[in-house]
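Asker: Sequence:
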Amino acid sequence: MSRHPTVKWAQRSDKVYLTIELPEAKDVKLKLEPEGMFNFSATKDGNTYEIDIELFDKINIEESKSSIGVRSIVCSIMKAEKKWWGRLLKQEGKPPAFLKVDWDRWIDEDDENEKSEADFDDMDFSDLGMGGNDFDMDEFKDEEGEATENEDKEEAAAEKENKEEQSLTEDVEETKA
Numbered sequence: 001m002s003r004h005p006t007v008k009w010a011q012r013s014d015k016v017y018l019t020i021e022l023p024e025a026k027d028v029k030l031k032l033e034p035e036g037m038f039n040f041s042a043t044k045d046g047n048t049y050e051i052d053i054e055l056f057d058k059i060n061i062e063e064s065k066s067s068i069g070v071r072s073i074v075c076s077i078m079k080a081e082k083k084w085w086g087r088l089l090k091q092e093g094k095p096p097a098f099l100k101v102d103w104d105r106w107i108d109e110d111d112e113n114e115k116s117e118a119d120f121d122d123m124d125f126s127d128l129g130m131g132g133n134d135f136d137m138d139e140f141k142d143e144e145g146e147a148t149e150n151e152d153k154e155e156a157a158a159e160k161e162n163k164e165e166q167s168l169t170e171d172v173e174e175t176k177a
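With the numbering used here, the residue at position 63 of the sequence shown is 63, and numbering never jumps.
Simulated from the structure, these hints should not be mistaken for lab results.
Accuracy of the hints is not assured; some may be wrong.
[Unchecked claim] Here are the simulated DSBU-like cross-link-like pairs (lysine-lysine), alpha carbons at most 35 Å apart as the crow flies:
| hint | residue 1 | residue 2 |
| --- | --- | --- |
| 1 | Lys94 | Lys83 |
| 2 | Lys94 | Lys31 |
| 3 | Lys82 | Lys65 |
| 4 | Lys65 | Lys94 |
| 5 | Lys58 | Lys8 |
| 6 | Lys31 | Lys44 |
| 7 | Lys26 | Lys82 |
| 8 | Lys44 | Lys8 |
| 9 | Lys100 | Lys44 |
| 10 | Lys90 | Lys44 |
| 11 | Lys8 | Lys26 |
| 12 | Lys90 | Lys8 |
| 13 | Lys100 | Lys82 |
| 14 | Lys31 | Lys58 |
| 15 | Lys82 | Lys58 |
| 16 | Lys29 | Lys100 |
| 17 | Lys58 | Lys100 |
| 18 | Lys100 | Lys65 |
| 19 | Lys94 | Lys26 |
| 20 | Lys26 | Lys100 |
| 21 | Lys83 | Lys31 |
| 22 | Lys15 | Lys65 |
[Said to hold, decoys possible] DEER-style ranges, computed between Cβ atoms:
| hint | residue 1 | residue 2 | range |
| --- | --- | --- | --- |
| 23 | Glu159 | Val101 | 53 to 59 Å |
| 24 | Lys82 | Thr48 | 31 to 37 Å |
| 25 | Glu24 | Trp84 | 18 to 24 Å |
| 26 | Lys94 | Glu50 | 30 to 36 Å |
| 27 | Gly69 | Asp110 | 16 to 22 Å |
| 28 | Asn113 | Asp52 | 17 to 23 Å |
| 29 | Asp45 | Gly86 | 32 to 38 Å |
| 30 | Pro34 | Ser13 | 16 to 22 Å |
| 31 | Asp104 | Lys44 | 33 to 39 Å |
| 32 | Phe98 | Asp57 | 17 to 23 Å |
| 33 | Glu109 | Lys29 | 31 to 37 Å |
| 34 | Pro23 | Asp57 | 17 to 23 Å |
| 35 | Glu62 | Asp102 | 22 to 28 Å |
Virtual Cβ for every residue (Gly too), placed ideally from N, Cα, C.
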């Protein structure tokens, strides 16, 4: 008997994202059909995991992509027609228990044209030179340390001023007595 991994989904007008959460999956097989059939199978720890679902509408299998990672399998499935689907599955009613909304990728239809800060689909990170060698943590700490040191000096001066005022007030009170 096969099991079902958790599948998270989100959509845009032109694509559907499916994230299959199955860490360290082996023998991963994905099959897409233009009519909207999505088939997945893999093994983990001697167990077989399968998903066979019929998507809401037709898809473009040539433009669709998938990425098999250590923790999950991510599929970006292009829709044949650019439009929002009312649901993920063709079948009406309650979706299967293993199917969940991917709130990390979810955006509302009204918000699609607004570029999200977390939308990195079109970015190529390889050219950014983010090796980490250019950032000097000690330099960062020194800059913060100076700011803190200045704040400490200001606080000390304010305390000293308060003490002097208090001392003057006490002297005046002693003179009156």
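Asker: Now tell me, hint by hint, if it's right for this structure.
Answerer: Consistency of the hints with the structure:
1. Of the supplied pair hints, the one linking Lys94 and Lys83 holds, its CA atoms being roughly 22 Å apart against a limit of 35 Å.
2. Proximity of Lys94 to Lys31 is assessed by CA-CA distance (about 24 Å); at most 35 Å being required, the pair is judged to hold.
3. Pair hint Lys82 plus Lys65 holds up; C-alpha atoms about 17 Å apart against a cutoff of 35 Å.
4. Pair hint Lys65 plus Lys94 holds up; C-alpha atoms about 27 Å apart against a cutoff of 35 Å.
5. Between Lys58 and Lys8 the CA atoms are separated by roughly 19 Å; this keeps the pair inside 35 Å, and the hint holds.
6. Distance restraint check for Lys31 and Lys44: the Cα-Cα separation of roughly 19 Å lies within the 35 Å cut-off, and the hinted pair is therefore satisfied.
7. Pair hint Lys26 plus Lys82 holds up; C-alpha atoms about 33 Å apart against a cutoff of 35 Å.
8. Under the criterion of a C-alpha separation no larger than 35 Å, the hint pairing Lys44 with Lys8 is consistent with the structure, at around 19 Å.
9. Pair hint Lys100 plus Lys44 holds up; C-alpha atoms about 21 Å apart against a cutoff of 35 Å.
10. For a cut-off of 35 Å, the pair hint linking Lys90 to Lys44 stands: about 29 Å separates their Cα positions.
11. In summary, the hint linking Lys8 to Lys26 is supported, as the alpha carbons are separated by about 20 Å, within the 35 Å threshold.
12. Between Lys90 and Lys8 the CA atoms are separated by roughly 17 Å; this keeps the pair inside 35 Å, and the hint holds.
13. Taken as a hint, the Lys100 and Lys82 pair is honoured in the structure, with Cα atoms around 23 Å apart against an allowance of 35 Å.
14. Taking the CA atoms of Lys31 and Lys58, the gap is near 14 Å; set against the 35 Å cutoff, the hint holds.
15. Taking the CA atoms of Lys82 and Lys58, the gap is about 11 Å. The hint holds against a cut of 35 Å.
16. For the hint linking Lys29 to Lys100, the alpha-carbon distance of about 21 Å falls within 35 Å, and the restraint holds.
17. Our distance criterion of 35 Å between C-alpha atoms is met by Lys58 and Lys100, whose separation comes to about 21 Å.
18. Restraint check for Lys100 and Lys65: satisfied, since their Cα atoms lie roughly 20 Å apart, inside the 35 Å limit.
19. Pair hint Lys94 plus Lys26 holds up; C-alpha atoms about 30 Å apart against a cutoff of 35 Å.
20. Between Lys26 and Lys100 the CA atoms are separated by roughly 23 Å; this keeps the pair inside 35 Å, and the hint holds.
21. With a CA separation close to 23 Å, the supplied pair Lys83 and Lys31 stays within the 35 Å bound.
22. Restraint check: the Cα-Cα separation between Lys15 and Lys65 comes to about 10 Å, which is no more than 35 Å; the hinted pair holds.
23. Glu159 and Val101 have their C-beta atoms about 55 Å apart, which keeps the hinted 53 to 59 Å range intact.
24. Checked against the hint of 31 to 37 Å, the pair Lys82 and Thr48 passes, with Cβ atoms roughly 36 Å apart.
25. Look at Glu24 against Trp84: about 34 Å separates their beta carbons, and that is not inside 18 to 24 Å.
26. Between Lys94 and Glu50 the beta carbon distance is about 20 Å. The supplied range of 30 to 36 Å is therefore violated.
27. Taking 16 to 22 Å as the suggested C-beta distance range, the pair Gly69 and Asp110 does not conform, at roughly 31 Å.
28. For Asn113 and Asp52, the hinted distance range of 17 to 23 Å is not satisfied, since their beta carbons lie about 34 Å from each other.
29. Remark: the range hint 32 to 38 Å for Asp45 to Gly86 is upheld by a beta-carbon distance near 37 Å.
30. Checking the proposed 16 to 22 Å range against Pro34 and Ser13 shows it holds: the Cβ atoms sit about 19 Å from each other.
31. Between Asp104 and Lys44 the C-beta distance comes to about 23 Å, which lies outside the given range of 33 to 39 Å.
32. Checked against the given bound of 17 to 23 Å, the beta carbons of Phe98 and Asp57, roughly 21 Å apart, stay inside it.
33. One distance hint, 31 to 37 Å for the beta-carbon pair Glu109 and Lys29, holds here, with the actual separation near 33 Å.
34. Separated by about 31 Å at the C-beta atoms, Pro23 and Asp57 break the suggested range of 17 to 23 Å.
35. Checked against the given bound of 22 to 28 Å, the beta carbons of Glu62 and Asp102, roughly 24 Å apart, stay inside it.
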